Structure formats: structure tokens, C-alpha cells
Amino acid sequence: MTHNIAHHLTDSLLMAYSAGTLPEAFSLTVAAHVSLCDECRACLGAYDSIGGSLLEHSELPSMEPGSMAAALAAAKSATAAKVRAPRTRGVLPAPLQDYVGGDLDAIKWRPVGLGVRQAILPIQGVATARLLHIRAGAAVPNHGHRGIELTLVLQGAFVDDGGRFARGDIEIADEELDHTPVADDAEDCICLAATDAPLRFSSWVPRLAQPFLRI
Amino acid sequence: MPTDRLDHDRPKNDRNAENSLWTSCIARIRDESDEVAFAQLFGHFAPRVKGFLMKSGASAALAEECAQDVMATLWQKSHLFDPTRASAATWIFTIARNRRIDALRKARRPEPEDVVWGPDTVPDQSDGLALEEESAQLAVAIAALPPKQKILIEAAYFGDLSHSEIAEKTGLPLGTIKSRIRLALDRLRHAMN
Chain A
1 MTHNIAHHLT
11 DSLLMAYSAG
21 TLPEAFSLTV
31 AAHVSLCDEC
41 RACLGAYDSI
51 GGSLLEHSEL
61 PSMEPGSMAA
71 ALAAAKSATA
81 AKVRAPRTRG
91 VLPAPLQDYV
101 GGDLDAIKWR
111 PVGLGVRQAI
121 LPIQGVATAR
131 LLHIRAGAAV
141 PNHGHRGIEL
151 TLVLQGAFVD
161 DGGRFARGDI
171 EIADEELDHT
181 PVADDAEDCI
191 CLAATDAPLR
201 FSSWVPRLAQ
211 PFLRI
Chain H
1 MPTDRLDHDR
11 PKNDRNAENS
21 LWTSCIARIR
31 DESDEVAFAQ
41 LFGHFAPRVK
51 GFLMKSGASA
61 ALAEECAQDV
71 MATLWQKSHL
81 FDPTRASAAT
91 WIFTIARNRR
101 IDALRKARRP
111 EPEDVVWGPD
121 TVPDQSDGLA
131 LEEESAQLAV
141 AIAALPPKQK
151 ILIEAAYFGD
161 LSHSEIAEKT
171 GLPLGTIKSR
181 IRLALDRLRH
191 AMN
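Just so you know, the sequences run in chain order A and H. Read in this note's numbering, the first sequence has 53 at position 53, and its numbers run on one by one without any break. Read in this note's numbering, the second sequence has 103 at position 103, and its numbers run on one by one without any break.
No wet-lab data here; the hints were simulated from the structure. Predicted model, so just to flag it, every value in this text is computed and none were measured. Ideal Cβ positions, reconstructed from N, Cα and C, are used throughout, including at glycine. Be a bit skeptical, because a hint or two may be false.
Said to hold, decoys possible - As a list, the in silico SDA-like pairs of lysine to any residue whose alpha-carbon atoms are at most 25 Å apart:
#1 H:106 / A:105
#2 H:178 / A:126
#3 H:148 / H:111
Unchecked claim - If you want the footprint, here are the derived chain A segments under chain H, 3+ residues with CB under 8 Å:
#4 10-20
#5 32-42
#6 47-54
#7 57-71
Said to hold, decoys possible - To give an idea of the chain H side of the interface with chain A (calculated C-beta under 8 Å), a few residues:
#8 23
#9 31
#10 35
#11 51
#12 52
#13 54
#14 72
#15 81
#16 110
#17 138
#18 142
#19 144
#20 145
#21 149
#22 158
#23 185
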């Protein structure tokens, strides 16, 4: 059971994930949040039901002759899907572990300076996703966004103008938010961040470094 | 015009009975590899999946091929279907959606980790019945949406479209689309309470 999550996904993100229209990086972030949040998991179930209901009432084109026999033959020739051992969480929720190849100790961090390390995840599509490791008390340089940035906290916590974000909380930032997330003093903060456009840094040093950091 | 397009008008009990039928067909495939049960499910769901994929922009040939795949997947994954968590139509929707992501976008689909049921939270039979009841209510609520809201909800699910692409296609400003979708969701929520 999960508890104490204060910052949730929006309806439009949950609906788009259910519909299957999000870029992979955002799908991963939604799947990781839902793994930690029973409330959003329940909402997702409701959006899947809308999909089921729309499927039930969709148009009915005729099937090709022999269609069912072909499907049955394909069904019987393939091996049955295995019952997967339930994937369990470490610090990283299971969908993230699938990308990293394990839990925290499998992450290959690269320093990006100022107390921040990152690991870019192998993702296709227009949006990118990375894990960020922010040293306790360190700040990510002030930045704005051209597109949407989703940040999911996995360990520790950070604070910015949007409030305090701890494990399971997700911050949804768009063009209107300029922020300087600062990690709590108590513990290093680890986040998953997904964005569909490069960030805009307000000071020139990170801006200069941007092409090298790939953020 | 297929006659069962009018099934919004049928009494709720009929639709519940229908879902129970599909649930038992899936169980018969799981337990006995029952080909008659498969034929029943195929007759009902394969054209729906094909129609769903064609609305998402797949050609008739691709939609046909994917619909066959979806039904074959249903056979292979019949043991993974949990009727206390989703209706048959909802489960088949998720298989079709994943097949569409694979066919049209060739992208990976990250899924949330599984819920591990603790000893106190094992779902019981009544959960399944409540779910059927809710699915039936939802179908009625969607059918009752004003056409303008319904079209946008459908576009969000059937089309492989983001809100801004819907804006381009319908000529509606993005703000209007978002507020109409929000209205539709509020209405659905209201109908479910």
C-alpha cells in the first residue's frame, strides 16, 4: 500500500497513458508513478474502462474470410505467455528497473557538476528521460521549460516554488514554471525526469554546458 | 448498420450477463483450450478491435492482421485475465492498445509493477460484480455525453493524437478541447457517483 503522496498525475496524462498516445519517456514516468500511487492506479483503471467501453461500441467492419481460423492457428502455434513472477520494487519501481537493468546499484551515473549526477535512459521518441542524483542540500540550477517536464521523486525530497516533493510525488512543469529545485539536507535526492524539449537555463554557465549535458 | 449498435438501450442486466459470458469464455479457453469459446469471443470482439484500429489510422489490411494478433494474444494470455480488476472488453482494449503502439509507433510500453495482493486484500467475487455494474454504468454515461464532448473523448482514445493534433484536425483552440474533455470527464464522474 502507498501513502502520503501529495502530488499526483493529471487527468489528461492518465487518460493519454491509458489511450497509449504518450511518448515513451512520459509513459515510463506515468508507469513509475502509478507503481507507487494507489490513487492514480485506481484512476488509470477507470480510464482503461472508458477505453473498454469505446471498444465495445466501436464500428464493426467485416473480418476477412478465414480470419478466425488464422487467429486460432496462430494462437495454438505460439507458446502460452508465461506467468511472470510479480515484479517487486526496490528504490526503483519495476518499470524503471526494466530500463536500468536492476535497482540503484545498477545505475551508471555521470557527474554533471554542482552536486548533480545523471543517467540518461535508452528511450525512443520525441521525449527523453533521465535519472538525476542531487546531493543532499544541492540545487539544480534555475531553469524554465519549453515543453513539459515531469519529475518523479524516488528517494529523498526536493523543495521548489511548487512545494515539497518526496518519494512518489510528481511535479508537472510547463512553460510557465521557472524553478530551482533544492534537495533536502537529510538525504541525497534521486528523481526520474522526463521532458519533451530541452530545458531553458536562466544563467549562462549551465546554458553553455547544455549541449554537453544533453539536458 | 449492425443491429447491436443499439445496445445502449438494452437493460443493464443484459450487459452484465454479456460480460459474464465473455468472462466464462476466457476461463474456458484457460482451462480447456475451448475453441467454441474462442469462436464466440472472436465473433464479438475481433470486428470491434478491427474497427478500433481502423479509427486509429490503420489500413483495413493492417487492422485485420492486428485484430487476429490481438485475439491470438487473448488465447495465450487467458490465464492472466483477472475479472475482479477489469471487464473482458477493458482487458481486450488494453491488448489492442498495446498492439497499436507496437504496430503504429514501434515503441516500448512501460507497464506499472503488479499489485501484490496481501492476505487482507484478496479480491472476492463481489468485486467482480461491482465492476460489471460500474462498466455498465460507464457505457450508459458515455452514450449520454453531448456529441461535442463524446467526439473529443473518442478522438483522444481512438486517434493516435495529442491534444494539439486534435486542435489542428478539428480547428478548435487547444483551450476549448481541454475544457471540453474536462467537462466530459466531470460528467462521467458525476454519472458514476
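Evaluated hints:
1. For the given pair, residue 106 of chain H sits about 30 Å from residue 105 of chain A by alpha-carbon distance, which is inconsistent with the 25 Å threshold.
2. A C-alpha spacing of about 22 Å is found between residue 178 of chain H and residue 126 of chain A, which places the hinted pair at or below 25 Å, so the restraint holds.
3. For a cut-off of 25 Å, the pair hint linking residue 148 of chain H to residue 111 of chain H is broken: about 32 Å separates their Cα positions.
4. With 7 residues having a beta carbon nearer than 8 Å to a beta carbon of chain H, the region 10-20 of chain A meets the requirement of three or more and the stated coverage holds.
5. By the rule of at least three residues with a Cβ nearer than 8 Å to a Cβ of chain H, the coverage given for the region 32-42 of chain A holds, with 4 such residues.
6. Coverage of the region 47-54 of chain A by chain H holds [criterion: at least 3 residues with CB-CB distance below 8 Å; count 7].
7. Counting residues of the region 57-71 of chain A whose C-beta sits closer than 8 Å to any C-beta of chain H gives 12, which meets the bar of three, so the coverage hint holds.
8. The interface hint given for residue 23 of chain H is broken, as the beta carbon of that residue sits about 13 Å from the closest beta carbon of chain A, more than 8 Å.
9. The restraint placing residue 31 of chain H at the interface with chain A is violated, with a minimum CB-CB distance near 13 Å, outside the 8 Å limit.
10. For residue 35 of chain H, the shortest C-beta to C-beta distance to chain A is roughly 6 Å, which falls under 8 Å, so the interface hint holds.
11. Interface hint status for residue 51 of chain H: upheld, as the beta-carbon distance to the closest one in chain A is roughly 4 Å, under 8 Å.
12. Annotation: residue 52 of chain H was flagged as interfacial toward chain A, and the flag holds, the nearest CB pair being 5 Å apart, inside 8 Å.
13. A hinted interface residue such as residue 54 of chain H counts as satisfied when its beta carbon comes closer than 8 Å to some beta carbon of chain A; here the least separation is about 6 Å, so the hint holds.
14. About 4 Å separates the beta-carbon of residue 72 of chain H from the nearest beta-carbon of chain A, less than 8 Å, and the hint is met.
15. Violation of the interface hint for residue 81 of chain H is found here, the shortest Cβ-Cβ separation to chain A being roughly 11 Å, above the 8 Å cut-off.
16. Hint status for residue 110 of chain H: holds, given a least beta-carbon distance of 4 Å to chain A, under 8 Å.
17. Hint status for residue 138 of chain H: holds, given a least beta-carbon distance of 5 Å to chain A, under 8 Å.
18. For residue 142 of chain H, the interface hint holds, the least distance from its beta-carbon to any beta-carbon of chain A being 5 Å, beneath 8 Å.
19. A cut of 8 Å between beta carbons decides the hint on residue 144 of chain H: the least distance to chain A is about 12 Å, and the hint is violated.
20. With a cut of 8 Å, the hint placing residue 145 of chain H at the interface with chain A is violated, because the nearest CB-to-CB distance is about 11 Å.
21. Hint on residue 149 of chain H is violated. Least Cβ distance to chain A is approximately 12 Å, over the 8 Å limit.
22. Interface hint status for residue 158 of chain H: upheld, as the beta-carbon distance to the closest one in chain A is roughly 7 Å, under 8 Å.
23. Using the Cβ-Cβ criterion of 8 Å, the hint placing residue 185 of chain H at the interface with chain A is satisfied: the shortest such distance is roughly 6 Å.
Going down the numbered hints, you'll see the structure goes against 1, 3, 8, 9, 15, 19, 20, 21, while the others check out.
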